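Using the sequences provided together with the hints, build the complete structure.
For the protein sequence lines, the chains are W and A, in the order given. Mapping the first sequence onto the numbering used here, position 18 (from 1) lands on 18, and the numbers just tick up by one. Mapping the second sequence onto the numbering used here, position 55 (from 1) lands on 55, and the numbers just tick up by one.
For the record, the hints were derived by calculation from the structure and aren't laboratory data. Model, not experiment: these values are computed from the prediction. Ideal placement from N, C-alpha and C gives every residue a C-beta, glycine not left out. Any given hint could turn out to be false.
Stated by the list, open to error - Partner residues are not named here, just some residues of chain W that face chain A (Cβ under 10 Å, in silico): (1) I16; (2) Y20; (3) L29; (4) F30; (5) F36; (6) W37; (7) W40; (8) Q44; (9) E48; (10) Y52; (11) A68.
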Amino acid sequence: MSTGNIVDWTGNMADIGPLYPFVGSEGLLFVLGMAFWIGWHVWQIRMENANYRDDSETLRQNNNMDKALRGERVLRPL
Amino acid sequence: MDSDIGALTIIFTEFYYWVTVVFMFLIHVGFCMYEVGASRTKNMMHTLMKNTMVIPLVTITFFFFGWWIYWAFPNGIPFITGEVPEAAAANTAWSELMAPNMQDRITGVFWAAFLLFSWTAASIVSGAVIERIRSGAFWLVAVMVGSVTWIIDAAWGWHADGWMVRVLGYHDAYASGVIHAIAGGAALAVLINLGPRIGKFRADGTPRNIVPHNPWLVTVGLFLIYTGFWGFYVACNIPIWDVQSGDGVFYSATNIYLAPTTLSGITLNFLMSLSGGLMAAYIVSRGDAFWTYSGGLAGIIGASAGNDLYHPIQAMLIGALVATIAYKMHYWVERRFKIDDAVGAVAVHGYAGFLGVVIAGFMLWGYPSSPNPEFASISPWGNFIGAIIMFFVLGFVPAYVLSAFLKGLGALRIPREIELVGLDLSEYAGRYMSEEDVKNAELEEARGAGFVR
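Structure, rendered in C-alpha cells:
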C-alpha cells in the first residue's frame, strides 16, 4: 500500500516528479479548496450580521446606548 | 540540476526569492501596527483582525486563481484580445508544479514573492477604511484587489511579455502604478461609498483630526514597512540573467522586464528617494511625525517606477516632489470632497504611485522598455495611459462597483450605534470582561490566603 508514487529514494532522480500523495486528485482538491473558501465567507458574513443585529437591538433598548458610551457593560459577553 | 553551476544558480535564485518573502512579511506586520496605532482604542482589535485575515484569504485565492491570472493575461483579456500563453497551464492550482515536485524549484517561491505583493495591495486599502467598514465587506474587496485586479495589471504591465510593455512601452520597475496606484485608486473608490467616520467633519464641513491612539505604534509600523520594502525591491528583480544579446555572455540582475539593472543601483536609489521624501514631508507637514514617515514612503513610491535607471539625486528630487504633492493632495481632497482617508493611503500610494509612473515616462523617454527591440520604447504618453489604467481602470472602477453593490445591500458599513460605542465593545467585549473577572478571582484568592485583608 502506498498513497504516492514514491516507495524509495533510489533510481534516477530526474525521473521523479510530484512528491505529494494522491497524485491525480488535484482537480478534486481544487474544488474542495474553492468550496472551503466560499463557505468561509458565507459563514463569516452571517456571523457578523447576527452579531451586529443583536448588539444594535440591545443598544436601542432602554438607556443602553447612553450606558455603553459611559463605559457600562450592556452588551452580552461572548 | 545536472551540473554544479546550474544547480548553484537554481538554488541561489530559489533562496533569493525565499529571503525576499521573509522580508516582505514585515510589510504586513508594519501595516497591522500602523493601522492599530492609528485607530482609536475602541476599535483596535477589529482593526487588527481586519488586516490579519487578509493573509489567509488572499493567500488561498492567489493560489486558486491569482497566480494563473498573471500567466494567462499578458495579452489582455484571454480569448478576446489574445490567446492564453502556454505557460499559464503550469501555474494553475491543479498543476503538478504548484506543489512539491522534483522537476521544479522556483514556482513556489516566485509565487510567494508575488503573493506578498498581493497582501500589500490589499493591505493598502485596509488602512484607509478603518473604524467603520464591515470586515466581511472589506475581505471581499481585499480578495478582488489582492487576487484579481492587481494581478491583471501585473500581467499587463509588469510582465516581460505584457501588452502594455509591448504596445505602450510601459515602464514601472518597482511598481509605482502596478501595486500602489491601483491600491490607492481602489481605496478611494471604497471611501466614496463608505463615507467618513462619525465626527470626522464638523457641521460646516471642516475636518477634525482624529489622532492616532498610539503614535509610537504607528511610527514603528512605518519603520517596519520601510524594512519590508527592501525585500519588495529585491523581489522585483531577477538576480542572475544573461543580458547579452547576440554572441557572448554577460550575467547581471535585471528588472521584471528582463532588462539590465544592478542591485547596487537600486540600493542607492531606494535610500535617496526615501530621504528626499522624508525631508520634503518634514518641511511641508512642519515636522508632523505621521506625515514625515508617510512622506518617506511616498518618496520611494514616487521614484519606484524608474528606480532601476535613475541617478540617485534624480531619485531624491523626485521623491521630494512626489511626497510634497501627495501631502497637499490629501488635504485638498479631504476638504473638497469630504473623503476620510484615515491613514493617508490614497495619497501615499495612489497619488504618489500615479505621479511616479507619469514622471518615469518623461525621465526615461526613449529608453527601451524591454530587451525585445520590437517593443515600444518608454514615453510620456505610454506611461500616462498606463497610470490611468492602473489607478482608474483596474483600481478605482472595480472597487467602486463592488463597494457600491455591497452598500446597496447594506453590507458595507457597520451600524451607526456600533460605530459610536466601538467595534471592540461589540465583538470582543467578552474577552475584556473575562480579564476583569480573573482579576476579581485573584483578589478573592489573595483574600482567602490572608495576603490581603
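Interface hint compliance - E48(W) to chain A, C-beta minimum distance less than 10 Å:
Interface hint status for E48(W): holds (5 Å vs cutoff 10 Å).
Under 10 Å is the threshold here; is the Cβ of A68(W) close enough to any Cβ of chain A for the hint to stand?
holds (4 Å)
Interface hint for W40(W), Cβ within 10 Å of any Cβ on chain A:
Hint on W40(W): holds, closest Cβ of chain A at ~8 Å, below 10 Å.
Going by Cβ atoms only, is Q44(W) closer than 10 Å to chain A?
holds (5 Å)
If you take the shortest Cβ to Cβ gap from Y20(W) to chain A, is it below 10 Å?
Holds, about 5 Å.
Go through the hint on Y52(W) and say holds or violated, using the shortest Cβ distance to chain A against 10 Å.
holds (5 Å)
Min Cβ distance, F30(W) to chain A: is it shorter than 10 Å?
holds (5 Å)
Could you check if W37(W) really has its C-beta closer than 10 Å to a C-beta on chain A?
holds (6 Å)
Close enough to count: is the Cβ of I16(W) nearer than 10 Å to one in chain A?
Cβ of I16(W) sits 4 Å from chain A, so the hint holds.
If you take the shortest Cβ to Cβ gap from L29(W) to chain A, is it below 10 Å?
holds (7 Å)
Does F36(W) pass the interface check with chain A, least Cβ-Cβ distance below 10 Å?
holds (8 Å)
The structure agrees with every numbered hint stated previously.
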